[in-house]
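Starting from the known structure of chain A, fit chain B onto it as the hints suggest.
Which chain is which? The protein sequence lines are A and B, in order.
For the first sequence, our numbering gives the first residue as 1, with consecutive numbering after it.
For the second sequence, our numbering gives the first residue as 1, with consecutive numbering after it.
Please keep in mind that the hints were generated in silico from the structure rather than gathered at the bench.
Don't be surprised by glycine CBs; every beta carbon is placed ideally from N, CA and C.
Check the hints yourself; a few may be wrong.
To be verified - Some chain B residues near chain A, calculated using beta-carbon distances under 10 Å: (1) T15; (2) V43; (3) P62; (4) M69; (5) A70.
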Amino acid sequence: MFESVSASQVTRRRLLSLSVGLMFVAVLDACQSPQTPAAAPTAVNPLIKPKATTGAELTPVLASSELALGRNRFAIGLIDAQNQPVTSGQVHIEFFKIDRQTAEKRSEANAVFRALELQNKGIWVAPTNFDVIGPWGGQVTLTPTDAPPKVARLNFDVRERFSAPGYGDPAPRSASLTLPDVGGDASRLCTNQPPCGLHDLSIADALQPAQKPLVVAFATPAFCTSALCGPELGTVLKLRDGYGDRVNFVHVEIYQYPFEQQKTAKTVDEWHLPSEPWVFMVDRDGVVRDRFEGSAPLDELEPALKTLA
Amino acid sequence: MSAIACSPSAPPASTLRGVLLQVAAPSLTQVDSFSVRDDAGQVWDFRAAADFNAGVTHVMTPGHMRQHMALGDPVTITYRAEGATLIALSATD
Numbered sequence: 001m002f003e004s005v006s007a008s009q010v011t012r013r014r015l016l017s018l019s020v021g022l023m024f025v026a027v028l029d030a031c032q033s034p035q036t037p038a039a040a041p042t043a044v045n046p047l048i049k050p051k052a053t054t055g056a057e058l059t060p061v062l063a064s065s066e067l068a069l070g071r072n073r074f075a076i077g078l079i080d081a082q083n084q085p086v087t088s089g090q091v092h093i094e095f096f097k098i099d100r101q102t103a104e105k106r107s108e109a110n111a112v113f114r115a116l117e118l119q120n121k122g123i124w125v126a127p128t129n130f131d132v133i134g135p136w137g138g139q140v141t142l143t144p145t146d147a148p149p150k151v152a153r154l155n156f157d158v159r160e161r162f163s164a165p166g167y168g169d170p171a172p173r174s175a176s177l178t179l180p181d182v183g184g185d186a187s188r189l190c191t192n193q194p195p196c197g198l199h200d201l202s203i204a205d206a207l208q209p210a211q212k213p214l215v216v217a218f219a220t221p222a223f224c225t226s227a228l229c230g231p232e233l234g235t236v237l238k239l240r241d242g243y244g245d246r247v248n249f250v251h252v253e254i255y256q257y258p259f260e261q262q263k264t265a266k267t268v269d270e271w272h273l274p275s276e277p278w279v280f281m282v283d284r285d286g287v288v289r290d291r292f293e294g295s296a297p298l299d300e301l302e303p304a305l306k307t308l309a
Numbered sequence: 001m002s003a004i005a006c007s008p009s010a011p012p013a014s015t016l017r018g019v020l021l022q023v024a025a026p027s028l029t030q031v032d033s034f035s036v037r038d039d040a041g042q043v044w045d046f047r048a049a050a051d052f053n054a055g056v057t058h059v060m061t062p063g064h065m066r067q068h069m070a071l072g073d074p075v076t077i078t079y080r081a082e083g084a085t086l087i088a089l090s091a092t093d
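Extracted from the complex, chain A is given alone in its bound form (with noise of 0.2 Å):
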């Protein structure tokens, strides 16, 4: 738990640490207060913010949309000054939970780049845990090979559960639709090109007792024509390839055929799913052991996976 801090308690050690946590809020708050829409050459729109003359170098962003108490992946990409995302160097990202004026360092880890499939793209991805609610920050210090380290903050809120399901928790036994619910078309249970071909069980089926493990994943991949989204399913696929005969296999699409946006799939609803695409491994027993929202290639979800099969 976060402590408080009386002068008795201060030391020079603990002093110094205030201090960073200090500067560390007071630059949170710098990035985060509403801004006087300061004059600039070309921001005649109050909403049109004046180039950033500090802290530019290095920019993240928050991939995950959750956060929670306890084990999660914590996820973040990474942009440069010239917009361009950052795709090498080593990246070490420590967690401060932020308290009024302070900031306290409970942890830190090492982020590993996620790539893409095909794609010179990817995020960084941390385990980590978070062992109170309230707001957190992130210091991220990316060690190019052949430059100075660069030093950028973030911060982000920690709930108390996922909506989601959770590390640990029961998969939701959904009745999702199977090839046999719709006559045999894959074509309205599926958005891949060809039909993926995980339709054939529900997640209700594949939930029964004795079952293999389940992953399962909720993916869209029409609804992006960059190829960006499409791969986590052919991902997906590949594992299938790998491990059929020993686990089960679901997609389910976001959104109810035709496929329009205009109404998630009931499923997904059931799953309380806040983004996506997304994809769950459950053990033999129905219980959540990993969950990957966003793009989670083969290296990392082949590990996962192979501790359940």
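Relative to chain A, chain B alone:
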């Protein structure tokens, strides 16, 4: 979502290309607002029109906008300025 009407006398639409820094999407079907940084380094804050992405052939879902944000993949925003508010009409790859 803020209900923002597009009247017949609305100013002409413009386009902007850049990377997303933030996407506020309360659901899988709704985008409220987002921020884009253009290549000149300026950050633009948009509110989504009530009919955001209407008529777009390849619609970017809120989830896909988040994917583009995380990957630093640029998007093209069609928008209209209404007073001090930038109203996003669509977002495309």
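Regarding the hint that B/T15 lies at the interface with chain A, is the smallest CB-CB distance below 10 Å?
violated (15 Å)
Hint validity - B/V43 Cβ closer than 10 Å to any chain A Cβ
Holds: closest Cβ of chain A sits about 4 Å from B/V43, inside 10 Å.
Classify the hint on B/M69 as holds or violated, based on whether any CB of chain A lies nearer than 10 Å to its CB.
Holds, about 5 Å.
Chain A contact restraint for B/P62 - C-beta distance below 10 Å
holds (7 Å)
Does B/A70 meet its interface restraint, that is, does its C-beta lie within less than 10 Å of any C-beta in chain A?
Holds - the Cβ of B/A70 comes within 10 Å of chain A, reaching about 4 Å at its closest.
Violation of the numbered hints given earlier is confined to hint 1; every other hint is satisfied by the structure.
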